[in-house]
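The task is simple: from the sequences and hints, build the whole structure.
There are 2 protein chains.
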Amino acid sequence: MLYIIGLGLGDEKDITVKGLEAIERCSKVYIEAYTSLLSFGISDDGLSTLENLYGKPITLADREFVEEKSDDMLSEAASSDVAFLVVGDPFGATTHTDLVVRAKKLGLDVKVVHNASVMNAVGVCGLQLYRYGETVSIPFFTETWKPDSFYQKIQKNRKLGLHTLCLLDIRVKEPTLESLCRGKKQYEPPRYMTIGTAIEQLLEVEQSRGEHAYGEDTTCVGLARLGSEDQKVVSGPMKQLLAVDFGPPLHCIVIVGNTHPLEEEMLEFYTLNK
Amino acid sequence: MLYIIGLGLGDEKDITVKGLEAIERCSKVYIEAYTSLLSFGISDDGLSTLENLYGKPITLADREFVEEKSDDMLSEAASSDVAFLVVGDPFGATTHTDLVVRAKKLGLDVKVVHNASVMNAVGVCGLQLYRYGETVSIPFFTETWKPDSFYQKIQKNRKLGLHTLCLLDIRVKEPTLESLCRGKKQYEPPRYMTIGTAIEQLLEVEQSRGEHAYGEDTTCVGLARLGSEDQKVVSGPMKQLLAVDFGPPLHCIVIVGNTHPLEEEMLEFYTLNK
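In the order they appear, the protein sequences are chains A and B.
Residues 1 to 274 (the UniProt record's numbering) make up the first sequence, in order.
Residues 1 to 274 (the UniProt record's numbering) make up the second sequence, in order.
If you're looking for bench data, these hints aren't it; they were derived computationally from the structure.
Worth double-checking, as some hints may not be accurate.
Which copy? The list can't say, so a pair holds if one copy fits it or any two copies do.
[What the hints assert, rightly or not] PhoX-like cross-link-like pairs, simulated, lysine-lysine; straight-line CA separation at most 25 Å:
| id | residue 1 | residue 2 |
| --- | --- | --- |
| 1 | Lys239 | Lys159 |
| 2 | Lys232 | Lys105 |
| 3 | Lys146 | Lys239 |
| 4 | Lys13 | Lys111 |
| 5 | Lys111 | Lys28 |
| 6 | Lys28 | Lys13 |
| 7 | Lys232 | Lys104 |
| 8 | Lys69 | Lys56 |
| 9 | Lys111 | Lys232 |
| 10 | Lys156 | Lys56 |
| 11 | Lys173 | Lys146 |
| 12 | Lys173 | Lys184 |
| 13 | Lys28 | Lys156 |
| 14 | Lys13 | Lys56 |
| 15 | Lys105 | Lys69 |
Below you can see the structure in the form of structure tokens.
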């Protein structure tokens, strides 16, 4: 049996009782490391916070692992119970759907333990979840590469009066250019896009496109460390949020569409300079 | 302090460790009863499954409670720790946002413990969450009242190639017409819309509108008891799903938009008569 277990968003105690009991049954426990594990007390030194709570050693499954060694994990799951832990909900990322497809094709039993993800926890800002349009991702721009397919999607959502959740780029365990050339494994330091960088990029694209999909006066909500004890939520026009220090990752933004009175009442609690 | 704690979707063990610890600190525990609590082992006889796990008595907060007595709960939360338990995630329903607004206006501390909700757990069918458009609700039709605002929303989502999550009507503790007239409290038996009824209503609206937003050959995914041990997921054209017995509530439907290869691979596992 392969258990794919969501850890939720905040810290090690956001796992469900069901997830914890599943881990207890497993002979091997892996944890995905494509996204930020900072709040789970995981660093290069080890996985101690989680391991202490779960009472088991945990193997870090980074990008390399998924590309080269996940078949081994699936073989183990054919003969014993294996847990694969995932930040948020198991179906927040395409990678995990791919893992489920491969496991099912091998005839393995797969059991999913759900948890909160950014896709529903973003509801904390008061904007109703059923009034969101398509979700967009904002990738880090470089001098020569500025992919802006999010622009048209935001435009369509706004024409329909819908809110847009913008997920911000995470670059973890990216091989350095040098290492790609030399075949030697070296990684760039991890990078997490801030709300400030995202807004700068959004406004850069608006300026070059000029179709008024949004602008510096468009109301947005910036959310940092969603679901953590120290989460920070601020609502205001884009230009105002540019000046806010949201602190450590992860960050995301909601571009606000048309609002109902209850949504406005809730946003007011998060507005600066009332 | 008012804790608003998500219970997740499946059963009493879907609560998080953080949620369970918060309940332990609370002097009073309420549970909302607007949605289905069936899978949590809750019936008219009591709340025994949950109460056993949590080790505390729980007060059922039905519609009447929220309309007439929730101010009392907020007063209690001013001087002690009170937990309000919610199926799914605290921000899945507008009602809970309203409760947060009222609590914050009274100057109360509010702490939210997130959990899975249908809005993210629906990812289990393999359709990627970031490719959903606006969510719609399908209300029970009567002879004289057939509100169909969902039709235009589905149409817009489909034009954009997006998936549509359809939430199906739940009618719990609805006063009978007789009781409204006589001022005596009597309730209709609870009703939960099935996937079959929803598809019949969807096709009825398509037939009267005739704008080809979708049709009986449109691929949908029916999901029953999402997140439970006995959840049932079936993918197929609307007319085929009409004949499927999905069993007890809750049910929901996804109307499938344009699909990527990985989404198709995943849907195949849920397809009848392959």
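**Message:** Please sort Lys239 with Lys159 into within, between, both or neither, judging by C-alpha distance up to 25 Å.
**Reply:** within (21 Å within a copy, 33 Å between copies)
**Request:** Up to 25 Å between alpha-carbons, please classify Lys28 paired with Lys156: within, between, both or neither.
**Result:** Neither, since 45 Å and 46 Å both go past 25 Å.
**Prompt:** At most 25 Å between C-alpha atoms: does Lys232 with Lys105 qualify within a copy, between copies, both, or neither?
**Reply:** between (42 Å within a copy, 19 Å between copies)
**Message:** Reference check for the pair Lys111 and Lys232, CA-CA at most 25 Å: within, between, both, or neither?
**Reply:** between (33 Å within a copy, 13 Å between copies)
**Item:** Identical-chain pair category, Lys105 with Lys69, by Cα at 25 Å
**Value:** within (17 Å within a copy, 53 Å between copies)
**Message:** With identical chains, the pair Lys111 and Lys28 could be close in the same copy or across copies; at 25 Å between alpha carbons, which is it: within, between, both, or neither?
**Reply:** Result: close within a single copy only, 15 Å intra versus 34 Å inter.
**Request:** Classify it for me, Lys69 with Lys56: is the Cα-Cα distance of at most 25 Å met within a copy, between copies, both or neither?
**Result:** within (21 Å within a copy, 46 Å between copies)
**Asked** Quick one: Lys146 to Lys239, C-alpha cut-off 25 Å, is that within a copy, between copies, both, or neither?
**Response** within (21 Å within a copy, 45 Å between copies)
**Asked** When no copy is specified for Lys13 and Lys56, does a C-alpha distance of 25 Å or less occur within a copy, between copies, both, or neither?
**Response** both (15 Å within a copy, 20 Å between copies)
**Identical-chain pair category, Lys173 with Lys184, by Cα at 25 Å** = within (13 Å within a copy, 66 Å between copies)
**Request:** Pop the pair Lys13 and Lys111 into one bin, within, between, both or neither, using alpha-carbon distances up to 25 Å.
**Result:** Result: close both inside a copy and across copies, 21 Å intra and 15 Å inter.
**Prompt:** At most 25 Å between C-alpha atoms: does Lys232 with Lys104 qualify within a copy, between copies, both, or neither?
**Reply:** Classified as between; 16 Å across copies, 39 Å inside a copy.
When held up to the earlier numbered hints, the structure conflicts with 10 and 13 and fits the remainder.
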